[in-house]
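Could you use the hints to bring the two separately framed chains together as a complex?
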Amino acid sequence: MSPPLLDVEGGGRGNAPLMSSSASGDCISQSGSGLKECNFLGLSDCSSVDSSAVSNVCGENKNNLNFKATELRLGLPGSRSPERDSDFSLLSSGKLDEKQLFPLLPSKDGICSLMQKSIVSGNKRGFSDTMDGFSEIKSSVFTEGKWMFNANGSDSGTPQSVVEAKLAGNAGINVILTNNSSGAQPSMKKEVPTRAPKEGQNKMNGSNNNSSAPAAKAQVVGWPPIRSFRKNTLATTSKNNEEVDGKPGPGALFIKVSMDGAPYLRKVDLRMYSTYQELSSALEKMFMCFTIRKCGSQETPDREMLGENKFKDLLHGSDYVLTFEDKDGDWMLVGDVPWGMFIESCKRLKIMKGSDAIGLAPRTMEKSKNQN
Amino acid sequence: MAYSFPEEVLEYVFAFLSSHKDRNAVSLVCKSWYEIERWCRRRIFIGNCYAVSPQIVIRRFPEVRAVKIKGKPHFADFNLVPEGWGAYVYPWISAMVRSYPWLEEIKLKRMVVTDESLELLSKSFKNFKVLVLSSCEGFTTDGLASIAANCRNLRELDLRECEVEDLSGHWLSHFPDNFTSLVSLNMSCLGSEVSFSALERLVSRCPNLRTLRLNRAVPVEKLPNLLRRAPQLVEFGTGAYSAENQTDIFSNLVEAFSGCKHLKSLSGFWDVDPAYLPAMYYACTGITSLNLSNATVQSPDLVELIIQCPNLKCLWVLDYIEDAGLKALPSYCKDLQELRVFPSDPYGAEPNVSLTEQGLVTVSAGCPKLQSVLYFCRQMSNAALITIARNRPNLIRFRLCIIDPQAPDYLTLEPLDTGFGAIVEHCKELLRLSMSGLLTDRVFEYIGTHAKKLEMLSIAFAGDSDLGLHNVLSGCESLRKLEIMDCPFGDKALLANAAKLETMRSLWMSSCSVRRCPSSNVEVMDERGHPDSRPETCPVEKLYIYRTVAGPRVDKPNFVWTMDEDAVLRLS
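Chains as they are written, first to last, in UniProt numbering: chain A, 1 to 372; chain B, 1 to 572.
In isolation and in its complexed conformation, chain B is listed as follows (with noise of 0.2 Å):
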C-alpha cells in the first residue's frame, strides 16, 4: 500500500468497538492493526483465569483499564468443585499493580478473593472505581473495610450472592467523611448489622446513588429514612421485610416509596409480611425487574404486587406463586422477559406447592417476549414442552430443573426427549439450554441437529451411551461450555471429539464414567488420590478440560491432577 491511514484514525475507529468479538476481529486484519489494537484496549474478558497468565495479558495489552475474570466452573455453585481447587486472584491483582496503576475497574466471578487482594489493589490503584464480585468468596468484611477506606473515587461496590466472612459491620464507617462518589452498594450477601447512621450519611453525602441493596438486617422501619435521602435511587433492595405491627410504619414507607419515582428494580425481601407489600405499589408503575427470590409470601400476595409493575421486563420468584399466580403474567406483564421460579422445598418428598408444568405454558402463550427461563417444577410432559417451543421460539436461554432425577414425562410416563427435542428445533436462537427429566440418546441426536447456536449445555442424569455426548460434541457447533454429571458417558466420544474440545471454553464431567483422559491437557479431580492408584476399570470423579495458553496450573492443590503423555500411550 502507497498510503494507509494514519494510526490515530484507526485508533479512533477502533474505539467505538466495544464488543470482544468485534476487537478479536480487528487484531486479525493485519499486524498492524493488531498493534494498533492491542495497545488502544481498554477492556478485557477472560472467561477462565486458567485459560491464560497474567503475565501473556499485560504483555499483550499494555494499556488496560478494566478487567473482568471468571474463575470457577459454573457447577461448583452447586459444591462440586472442592474447596481449595483454585481460582485465586490475587495473582492477577499483584501482576496488574505492577502494569495497570490505573485501573478502574475489576469484576470477578467464582473467584478466591482474599483480604490481602482487596488491601493490595485498594492502596494500588489510584484511580480504582469499580468493584464487582459475584459468586466469589475468601475475604472477610476487614477487605471491605480496606475498600472502603483507600479507595477514593469508588463508584461501584457491589458483592452479589458472595460468601464473605462476617467479622462486624463496621467496615461501612470506613467510607471518609467526604467520600461521595458513591453510585452503586449491594451489601446484600452480607449478614452482619452495619451501623445505620453511618449508612444514613453516606446516602445522604452521594448524591449520584443510583443502586443501593441493603442486607437483611436493616430493619423495615429503617427504610423511610434512607429513601427520603435518596429518592434519586433506580435499584432498591430492601432488609428483612417486616415489623411489629406499628401503624406509622406503614404510612412511612408509602410516603417514602411514592418519593422514588425512579425505581425500577426491586430486591431483598426477606421475611416479608404481605401487610407491608402494599405501600411499595406507587413506585412500582415503573418497574422492570422485581426479585422477590426471598419473599416466603403466598401467591395471591405475590400476584398483588406483581400486578402493579406492568412494565415488568424481568422476575425472580418462588414457586409459592403457583400457576395461579403465573396465569396472572400474561394479562398485566405483557413485557416480560425473563422468569425464574425457584423452588420453596426442593428437598420436600411431595410438592409443597401447586405449580407445575402448566405455569410456564401459560406464561409461555402469553408473554411474547419471554426470552429467558429458569424454571423448578416437579412435573413435566413432552406435550407441555413442545407447546412451550412452539408458543416462544424466541427463546434464548432455557433451563428447566424438574426436581425428581429422571422424571419421566407424567402422562406419558415416556422420556422427554422429544419435549426438549422441540425446543432445540424451534428455538432457532438458543444460547443456553439446561436440562432435566428422564432423557435417552436420542434427546442428543436432536441437541446436535439443530442446536447449532447453543453455547452453553448443562445436563445430569441423562443419556444412554458415548453416542449422546457424541451427538452434542460434534453436532453444536457454537458450543463453548458443556457441563455434565452424573452420565453414563465414557471415553469414546472425547477420544473422538479431542479437536472439538479446543475451540470449547471448557467441559466438565462429574460422576460419569470415563477413565483414561482424550488427551494429555486435562484436569482431573479426585480426592481419592491418583488415578493410576485405582484400577483401570474405576471411573474418575471429576474431569475438567479446558483451553489454554497458560501451561499447566502452578497452583494445584493435592486432589487435582494433570494427565500425562503417558496415558495417551497406553490408551493406543
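Chain A with its partners taken away, still in its complex shape (with noise of 0.2 Å):
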C-alpha cells in the first residue's frame, strides 16, 4: 500500500495506523480498522441496549449505585458513606449499565442548561438534588450507538477500572468541591498537591490523601509548566541582586544527577533541599532501583548538627557515594562545604561507585573515618 501522507491533516488518506510493536504490517490496518466501529471489549453488539431499555433502568435504578459512582459525593476526605459500599458489590455483580456512567454526548445545548441545575453552586447539595439532576439527564439526553461499551459488561475487571478511576478523582476532586460552602478552602487546597505525588511513584492514592502537604509547595515535576532554562534563569539574577531580607532567592537551580549504571540521567532541583541529608533522601528515591544502603539511625545530638557529617556517613557503609563536579570541572565528594557553598558550585552530580571514588578527596574520607 502506499505509503500514507506525512502530515495529514483533516482525514485524506487517514489510514497511517497507529505504531505497533507486531512484525505484522498486516495487523496495523486491522487492528486499525477494526477498532473503528466494533465494542472493542469483545462483548455483544451494543445497540441491542435501547433508550427504553435505558430509561427503564433509569427509573427503577434511580437509587442504583450507578449514579452514586458517577455523582460528586459530599463528605469529608477517606470517608464513606455505607450506601457506597453496598453499591460497590452490586458494581461487581454485573448489574452495571455502563451507557449510564456516560449518559452525556456533546452538541446538545440542553446538556449544558440541564447540568446547570447540578452545578455546584456553593452550597451543599442534597442527595435527591443530585439525583433528579442526572435522572433528567439521562432521560433526555441519551442517544445510542455511539458507544462502545456494553450495557451486559460482565468483565470483572471492568466495573473495578471505573471505580478506580473515580477515587482517584474523588478522593482529590472531591475534597475541593465538598468546601465550597464551608469555605475551609485554605486548608484544603494544602492537600492538592499530594494528588500528584512526585514522578515514579504510585498515583493511586484513592482515600488516603488526607496527609496534608506543606504549603509550600510539594514540588510535581512538570508543574509550573516552565522551562529549565527559564528558572535558572530567576535563579541566578537574583543571587546576583542580593536579595535585601536575607530569603532565599527564587527559581530553582535544576542540575543533571547520574548514577554509574543507571541507563538515564535526572535533573535535580538543588533549591529544593537545604541539607544533604535532604538531597540524598530525594537521590535515593529517584534511583531507587539501585541499593544504596542505609545508614542506622544513631544520631548523637552534636553530630546531627553538622548535616556534611551526616551525610558522610550514610554513604560511608554503601557501595556508592555522591560526587560533584565544580564550577572548575573538578570532580569532589559531596558533602565537605557548608551546603550554600555548594550548590553555587556544583554543576552536576554523579553517583559512582566507591571503589571510583577513592581517588577524590582522600583527606575528607578519613576525616570522616577519624569521627565515627
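Keep in mind the hints are simulated off the structure, nothing from the lab. Warning: the hint list may mix true and false statements.
Just some of the chain B residues that point at chain A, by a computed CB distance under 10 Å [unchecked claim]:
no. : residue
1   : 216
2   : 244
3   : 294
4   : 318
5   : 347
6   : 402
Dumping the calculated BS3-like pairs for lysine-lysine here, alpha-carbon to alpha-carbon at most 25 Å [what the hints assert, rightly or not]:
no. : chain 1 : residue 1 : chain 2 : residue 2
7   : A       : 267       : B       : 109
8   : A       : 327       : A       : 256
9   : B       : 261       : B       : 327
10  : B       : 453       : B       : 369
11  : A       : 267       : B       : 327
12  : B       : 556       : A       : 350
13  : B       : 261       : B       : 334
14  : B       : 68        : B       : 126
15  : B       : 31        : B       : 109
16  : A       : 350       : A       : 285
17  : A       : 353       : A       : 267
18  : B       : 313       : B       : 334
19  : B       : 109       : B       : 68
20  : B       : 556       : A       : 256
21  : A       : 256       : B       : 109
Interface residues of chain B toward chain A, partial, derived using beta-carbon atoms under 8 Å [said to hold, decoys possible]:
no. : residue
22  : 13
23  : 17
24  : 75
25  : 77
26  : 284
27  : 343
28  : 344
29  : 346
30  : 401
31  : 405
32  : 485
By construction, the Cβ of each residue, glycine as well, lies at the ideal position given by its N, Cα and C atoms.
Here it is in C-alpha cells:
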C-alpha cells in the first residue's frame, strides 16, 4: 500500500495506522479499522441496548449505585457513606450498565442547561438534588449507538477500573468541592499537591490523601510548566540582585544527576533542599532501583548539627558515593563544604561506585573515618 | 483524457504552493499528480520524527532541500520525558547525507543532536545554509565549531533555548576570514564568552546580517561596537544589560541605538540595570517584538520602555509588570497581538507581585488584535474569563497557568468550568488551549461541544472521570495533539475513541489512571519495570500514543515498552 501522507490533517488517506510492536504490517491496518466501530471489549453488540431499556433502568435504578458512583459526593476526605460500599458490591455483580455512567453526549445545549441545575452552586447539595439532576439528563439526552461499551458488561475487571478511576479523581476533587460552602478552602487546598505525588510513585492514592502537604508546594514534576532555562535564569539573576531580606532566592537550580550503571539521567532542583540529607534521600528515591544502603539512625546530637558529616555517614557504608563537578570542572566528594557553598559551585552530580571515588579528596574520607 | 497539462506546467503551478496541506491535497488528486508533486517538493515538515522513517521520506521525495523535524513531545520541556527517551537526529542526517547532497536547511525541535551529527552535516552538505535548533540538546560547542568551520555558505545559525554543553567560546573563531554570508546568528542560550574581537570582525564582514542575538556573557559596554558595525540589524538581542557606572557607556549606547533605524525585535536583557534602558528609546519606534522575559526590573521601568513602542505586536515579559503595567498597553500598544507573562517566583508560597487576572482582562478589553496569550498568575475567576472571552473572540491561542494546581475561582470558590467554557464558546477560531485551576468534567463537555477548531489541548489536574476525556476525544474534530498530566482518566475513554487517536499526531498521558493500553500501538514509559511486572490495578507512569507508518521504534531505551497484542486480548 502506498505510504500515507506525512502530515495528514483533516482526513486524507487517514489510514496511517498507530504504531504496533507486532511484526506483521497487516495487523496494523486490521486493528486500525477493527477498532473503529465494534465494541472494543469484544462483547455483544451495543445496539441491543435501546433507549427504552435505559430509561427503564433509569427509573428502576434511580437509587442505583450507578449514579452514586458518578455523582460528586459530599463528605470529608477519606470517609465513605455506607451506601457506597454496598453499591460497589452491586457493581461487581455485573448489573452495571456502563452506558449509564456516561450518559452525556456532546452538542446538545440542553445538556449544559440541564447540568446547570446540578452545578455546584456553592451550597451543599442534598442527595436527592443530585439524583434529580442526573436522571433528568439521562432520560432526555440518551442516544444510542455511539458508545463502545456494552450494557452487559460482565468483565469483572471493568467495573473495577471505573471505580478506581473515580476514586482517584474523587478523593482529590471531591475534597475541594465539598468545601465550597464551608469556606475551609485554604486548608483543603494544601492537600491538593498530594494528589499528584512526585514522579515514580504510584498515583492511586484513593482515599488516603489526608496527609496534608505543607503549604510551600510539594513540587510536582512538570508543574508549573516552566522551562528549566527560565528557572535557572531567575535563580542566578536573583542571586546577583542580593535579596535584602535574606530570603532565599526564588527560582530553581536544576542540575543533572547521573549514576554509574543507570541508563538515564535525572535532573534535580538543588533549591528544593537545604541539607545534604534531604538531597541524599531525594536521590535515593530517584534511583531506588539501585541499592543504596542506609546507615543506622544512631545519631548523637552534636553529629546531627553537622549535616555534612551525617551525609557522609549515610554513604560511608554503601557501595556508592555522591560526587559533584564544580565550576572548575573538578570532581569532588559531596559533603565537604557547607551547603550554601555547595549549591553555588555544583554544576552536576554523579553517583559513583565507591571504588571509583577513592581518589577523590582522600583527606575527607579519612576525616570521616576518624570521626566514626 | 485525450490530452492533459504537460508535466512542466503542473510543476510550475505546484511551485506556488507553499503550505504542506495544499501540497498533500494536490498529491491525492490522481497518480500522475502524486508523481509530479513528489518530485518537485522541496520542503518537508515532519511533526513527529517517529511517525515516519528517513527511508520512507527519501523514497517518496527525492529532491528535498529543506527539512523540519520535531522530536520529543511538548511535555519534555517540563522534564516529564526521561533522558534517553529518543528523538535522535543522527539517523536522519546520515540518511540524508546519502540522498540529499544539496540539502540547504535543517530545522529541528526537541531533538537530540550530537557533535557527530553536526560535524557530518557540516562536511556533507556543500550548499548548507540554514540550521535552526529549537530546544535541542546533546551537542557541545565543538559541534558548533564544525558548523562554523565547514559551512561555507551558511546563512543562519539559530540556537533557540538549547542545552549546549559549553566547553568554550572558541567555536565562533572558526568562521573563516572569507566567510561573509551570515544573515542570522542566535547564540543566546550559550554560556561561555566568545572572543569579542572575533565577533566584531564577523559582524563587520557580513553585510547581510539582520539578526544578532548575543549571549549573557557579552557585556553592555561592548554593544555599541557591534551596533555601529551593523546598523542594518532588524533583530537584536543584548547580553547582560548592566555595568559599573560609567557615564560614557550610556551615551555610547544612545548613539549606537539611534543609528539602528531598522530594528524590529529586541531581546536579551539579563541582569538589567534600569538606568540603561532609556538608551534604547530612539530605536523603539519600529519595534514590533519585545522579549523582556529575562528582565528582572520593576513595573515602572518596564512600562517606560514598552510605551516607547507604539507598533508593538509581541510582548514577552515577567510578572513584574503587574496589573498596573499591563493597564498601559491598551493606550500605547494598540496593535498588540501576542502577550506572554512569565512568573518571577513560581515556587514561592505567596505572590511576590501584584499581578492578577485583572491585568489580562484589561489587555483583552483594550487591545483589539490580541490573539495569542500565555499568562501565569495566581488567581482567576469565571467572571474574568467570561469577560476575556467576550472581549476577544478572535483569540487563537490561550494558555493560562494558575500556579496553584486546582485553584478554584477565587471569588466564588467554584470550578473554573464556566470560564473556560466561555473561552471555547466565544473564541471559535481557537487553535490552542492550555487550562489550569479547578476543573471538573463539565469543562470538557464545553470543549467537546464548542472547540471545533482546536488543534492542541493541554490539561493538568483536571476532570473527574473518563467522561471528561471522552468528551474531548469525541467532540474536538480538529484535535491533533493532546497532552494530559495528573488527571483521573483511565482506560475507558481511550478504548472508546481508539479510532480518533489515529487522526491525531499524538497523545501524552502521565500520572493518570491508565492501566491497560487501548491498543497494541502505544509507548509506555515506566522506569519501575515492564507494566506487566506490576499488579493490574497499578497505573502506568507515562503513556505516549502516536500514529506512525514506520513500525516500532528500533532505538527504544529500556524504560519504554510498546504493548503487545496480548494486552488487547486480555481486556476482552
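Verification of the hints:
no. : hint          : result
1   : 216           : holds, 8 Å
2   : 244           : violated, 14 Å
3   : 294           : holds, 6 Å
4   : 318           : holds, 8 Å
5   : 347           : holds, 6 Å
6   : 402           : holds, 9 Å
7   : A:267 / B:109 : holds, 20 Å
8   : A:327 / A:256 : holds, 14 Å
9   : B:261 / B:327 : violated, 28 Å
10  : B:453 / B:369 : holds, 19 Å
11  : A:267 / B:327 : violated, 39 Å
12  : B:556 / A:350 : holds, 24 Å
13  : B:261 / B:334 : holds, 22 Å
14  : B:68 / B:126  : holds, 19 Å
15  : B:31 / B:109  : violated, 33 Å
16  : A:350 / A:285 : holds, 15 Å
17  : A:353 / A:267 : holds, 20 Å
18  : B:313 / B:334 : holds, 8 Å
19  : B:109 / B:68  : holds, 8 Å
20  : B:556 / A:256 : holds, 21 Å
21  : A:256 / B:109 : holds, 21 Å
22  : 13            : violated, 20 Å
23  : 17            : violated, 14 Å
24  : 75            : holds, 6 Å
25  : 77            : holds, 5 Å
26  : 284           : violated, 23 Å
27  : 343           : holds, 7 Å
28  : 344           : holds, 6 Å
29  : 346           : holds, 5 Å
30  : 401           : holds, 6 Å
31  : 405           : holds, 6 Å
32  : 485           : holds, 6 Å
In terms of the numbered hints stated before, the structure departs from hints 2, 9, 11, 15, 22, 23, 26, listed from lowest to highest.
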